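Take each chain as given, in its own frame, and dock them per the hints.
Each chain, letter by letter, is given below.
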Amino acid sequence: MLKRLFAAIAVVAVGVMMSADLAMAEMVEMRSKPWQLFFQEPMSPTAEKVYDFNVFLLWVEGLITIFVLGLMAYICIKFNAKANPKPSKTTHNTVLEVIWTGLPILILIIIAIPSLKILYFVDKTQDAEMTLKVIGNQWYWTYEYPDHDGLTFDSYPVPDDELKEGQPRLLSVDNPVVLPANTNIRLLLSSNDVIHNWAMPSLAIKLDTTPGRINETWTHINKPGNYYGMCSELCGVNHSFMPIHIKALPKTEFSNWLAKAKKEFATNETQKKDAPVRLAQAATAK
Amino acid sequence: MANTAEAHHDDHDHHMPGFFTRWFCSTNHKDIGTLYILVSFIAAIIGGAMSWYIRLELAAPGIQYIDDFQFYNVLVTAHGFLMVFFVVMPAMIGGFGNWFVPLMIGAPDMAFPRMNNISLWLLVAGFILLLLSAVIGDGPGTGWTVYPPLSSQEYQPGPSVDLGILSLHLAGASSILGAINFIVTIFNMRAPGMTIHRMPLFVWAILITAFLLLLALPVLAGALTMLLTDRNFGTAFFVPGQGGDPVLWQHLFWFFGHPEVYIIIIPAFGIVSQIVSTFSNKPVFGYLGMAYAMSAIGVVGFIVWAHHMFTIGFDVSTRAYFTAATMVIAVPTGVKIFSWLATMWGGSIKFEVPMLYALGFIFLFVVGGVTGITLANASADLVFHDTYFVVAHFHYVMAIAAILAMFAGYFYWIGKMCGRKYPRGMAKLQFWVFFIGVNVLFFPQHFSGFAGMPRRIPDYPAPYEGWNYVSSLGALITMIGTILFFIIVWRTFYGEEAEANEWGEGATTLEWTVASPAPWHTHELLPDMTGKAPAE
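Going down the list, the sequences are from chains A and B. If you count by the numbering used here, then the first sequence holds residues 1 to 286, one letter each, in order. If you count by the numbering used here, then the second sequence holds residues 1 to 536, one letter each, in order.
Here chain B stands alone, though its shape is the one from the complex (with noise of 0.2 Å):
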């Protein structure tokens, strides 16, 4: 970052850090953050070759390429691992959280800024435990859910299960001390005149996922250190022939689970808001509609994990409950829909390539949410648990909008971050190459699980190859689109310079204020916000 160095240099007299120093022991929230997005970028080049492997094992009826099937089943547990919490975790939250929530509050750093590098370092090691797991002993090959028995020392010998669950005790720990520093920093360390209700929806999506991670992380913490006795220390917490249930377990693990998939998607919400307000060049619609359907949609997500868990055999009045209780989070969540629609409504558009990725995610979010409404449904859910509709379902809402609101972000701020502009063409055929890609790759698999396709096997019965070679064909192509990114992030290193505000008066909040790319301090005089516009 030998830009942001220089601009250093004009604000300071004492020299920067060493290399060392800098990178390694940081205590600078902009550094940090681009560290996450590293290690954001390592892992989904890994848990994207691993997804690659396995479409390429689906595109045909029987098995051509991978005949172990207990590895088969570690890629599938990987990939899942590797996405959710060394993707698109680490980007959205340590990435552009930490880069630009104290910038948007006026703050110069984020509360507790060594903890910051501690939440950092605990990652990349727990990122190093799960790459470990996978490849000592036979592998985790249990799923990401880690369901015993199958997960217990009879039926996963060895240490590649307690590996993978140490990896997440660190990653868990990593994102716990992250959500304090976040709901410090936010409460704490806003300029003068910025209220709550007039910070950038982008800061109150990180709260809100702040608080989700804090409520919802320990009780995966117990739950696997409860795992990890049954495997190792002779207790037998979820072991039934000695009077413990394997369904604790599940209530456990989706407790945390539900919650945690609102925790991937809130921070993409977010970054959705600022785009589109930016490029439509209009205040978002609704502010405090926006920030109380995000809260709405927190709250009410720790109270129906057991939809993940309607085939387990609970009550039928308590599955009664838990569709209701789904069905309502479609209300925040259409709130927020249209209040989107109503930002661009009679605004004035301009199609730069964040404004495409905020467009495609508003879009493929609400077909995702669709079919998550067919699940909510018990009696519905009957025919499709367990099938290839679910995972149509969750990667549309995580594969597809979630990524696609993560490049909306990158290309929105990497002129601040780097201080160079990427490359606009190029971009834009990447942007229509991925959008394609991914909508070949999961359209297919709804009619998979129509057709009664069960998820999680390397080989399937011959009526179902129409569609899984459709599919693995639209992997090649996100495959393309992917590879296209990683040529743009490297272009965009030798990119024309972005001047401080690159996106115009519709960019009005506190980042782009300050120079690209960022002074490595800013914000050392706090800017006063009372009486300037509110974020409403």
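Just chain A, same shape as in the assembly (with noise of 0.2 Å):
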């Protein structure tokens, strides 16, 4: 009997440390599959009504499609010179033209009326529990924690050759941004030199970053795990080359991060320096 109650507890006590262990290393991977047809999965509340909403526009725009398909296929047989060797001569048919006037007017409007719900809840939000600024450069970001002490550091791509086990081609940097999950963050956007643009198709962020302007949205990353997107403006010849990767933490292990970033990126000046030998290696990426 106690046999099996010490057996009980080292499964109990297995599948609690085994649940730890999952929840740690239960990082989502968000980046696009080959032959991907559709959307990355949605990983946050934007990108789930924003997914959501374009799921009912290709609906909308399917069957439309579909409909006047369906109408040039009966035309082309039924009324073909064959079929029909004597053409009508009528050219109006003022209930017809009512109709295909105003049902589209319908219809666009139970479009727009989600539409602009959803364009008002992802513009900004009102209750930030934090904010990082993020820079555009040619052809690397930069990353500020105002209510971080600034903490601030670059984050580069990784050229192909050095790329490490499991790092994907084209998607990795040296830092990634590390942003804690589950948390409402405030995103302010610019940047040192020409227009680029901020972008991470599973959380649903797109914004340009352009110098002189300081560009304001938010995110809610649902899930820890690690996000990948790429820059989304034409910015000079490495534009496919400053990916974008979101690092997202679980609250403590974010705080844990934060103690050890300061530290490592507490000598901006050498990260500084570093910058043009850093730039020429980014221009040879391939």
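Any given hint might turn out to be false.
To be verified - SDA-like cross-link-like pairs, simulated, lysine to any residue; straight-line CA separation at most 20 Å: (1) Lys251(A) with Glu26(A); (2) Lys82(A) with Leu341(B); (3) Lys82(A) with Trp503(B).
Simulated from the structure, these hints should not be mistaken for laboratory data. Since this is a predicted model, take the numbers as computed values, not measurements.
What follows is the structure in structure tokens.
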């Protein structure tokens, strides 16, 4: 009986330890898959709404397209010269014209209502728990944490010949931007040189980083994981070689990371001195 | 054009002008139209070659052929400029517009025949400058949208962007003068009895397009000049450090840029109306609706420009407005699609090659148009901006629909223009090859866009490989279809002689009442259209 009790405790203990491990290791990998037909899985409230709305739009658009195709097929079969040698002379039908003007108007209104609701939702958040500043450069990103003693670091793409095991090509960076999951984060975006665009498909973030301008949006990352995006505004020769990698950690782990990062990136001057060399590396990234 | 010369001798006693005078100093709307089509063909080959080279590189991840990324960006830029300004516009407005507007309204020529010629040669000069911009210096690696600061002297040093700006100045001037010519001609030179509401829909289309050109191009010219002075004369319109704003460029550019896409498609609408009516042997359904739908599209097209700028960070309520306004355009567009279908309904349809192309246009324009509804919504656009979904959308409406309409117009009117018939069988084959090719090329790009693949990149992460490979195969098929077309063009010159009206009783517009090839001077006696069946 004691054996059974010990066995039960052991099973439960192992179970707890394993689930803790799973929770730690349960980092989603958000990037596109080969032959992907549809969106990456939505991982933020914004993305969920945008995703659902787009599905709705596709249904409407698909039905319209099939309807037109069906009509055309019917017409080609019923009214070709052999089937209908004597053409009619009808050029008007007021009822029909009213319907094909009014019905599209109705459909568009039905589309516009959720569209605008979502637009206002995705624009900004009222209760941000932290702020991240993103600055675009040719051809890398700079991240600043104004709420955390101004922690700042650059995020350079990893050239092909320096990729480590498991690092996806053209999506890997040396310093991913680390953010807490399940937190409302205000994003402030700008640029040091030309217009770039900070994009994260799975979180439905896409906003230009423009010099002389600070753009604002927000996000809330539902699950810890690695999220990948690419610069989305032509910014020169290495436009396709400045990826965005967000590493979202559970809140406690984020605090741990912050402490380490402040020490690691405290020597910002060193970072800046390295910048010209880094730039040259990025420019030859293939 | 030996045939037109012979026909000419039947009509007049005086001599034809010599070669140089006839072709370089022309004041004849038909010859000028022919020259525009020739420019369009040449630009199409170069612009097409650029796009095939791009697709070759994009067929697989990694860099295989183009390791100079500035050159890649130049290809992307030049491809866009060539196709928009030097292929579609010259063919439809300069080419078919010049040839058939005077013929259709019963006018002997355009109102300003010499200015017509200036328009043509300004375009040729612009074309040469564009080609020079690509080979002098590093080339303009900015995209056809030329956004500063990337397009400023600091990030695109050298003369390339400046040459590109000057090229567009000349092309713009060409189109503005052409627009004036068309407006004056159409308002003042219609034959007696042909009221505005009795002129063919193609003429309506050109009239509306002319107004769009007149109002939109000067804004582009202003923006281009501002960029030129920023680059070379120390101004700071778009330089944030000195009080300027890059976003100002975007507003100015897209204020022109959106009407520009309607400038591209409205003539296509006109061509399709003529062809659908002819080959259904039935007048166009709802003539007034069609004419005013085009007008509505033109007018509303001026107040929707910022849907190209949804992610630049402008105010959410303004985004809401532009979403709503953009969706409004779907209504008159739908009226047109349904009216074409209603024209065919009850008709007696012959599936000649122009009609195949017109049917292809109607269906594929709907496909391209519905993805436009997605993009019109600023919230939905959040995941699509600057991805291949946008590339797929605009290629469906421009590279597929507008090009199909151009082919349709070519096959419809070539007999009238050169007096010979195109080889029927080969043209049907060419239609199917091209149709399949462009769909295999562009449909998979929707999927790349869903998956998040950005635009204007020479290389991409491995997962995007699949659909890119398929798309590049489609480019190969399209290339074959294009080569087939040029073989057909060649063979047409040796084809069967075309009669005055090769399309039968469905072809009711005035160009079919003159000989094929059309005599060098037509309508020297104005046809009397009073009491004749109205276009509706």
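Status of the hints after comparison with the structure:
Annotation: proposed proximity of Lys251(A) to Glu26(A) holds, straight-line Cα distance about 14 Å (limit 20 Å). A threshold of 20 Å between alpha carbons decides the hint, and for Lys82(A) with Leu341(B) the separation of about 18 Å falls inside it, so the pair holds. In summary, the hint linking Lys82(A) to Trp503(B) is supported, as the alpha carbons are separated by about 16 Å, within the 20 Å threshold.
Of the numbered hints listed earlier, not one is contradicted by the structure.
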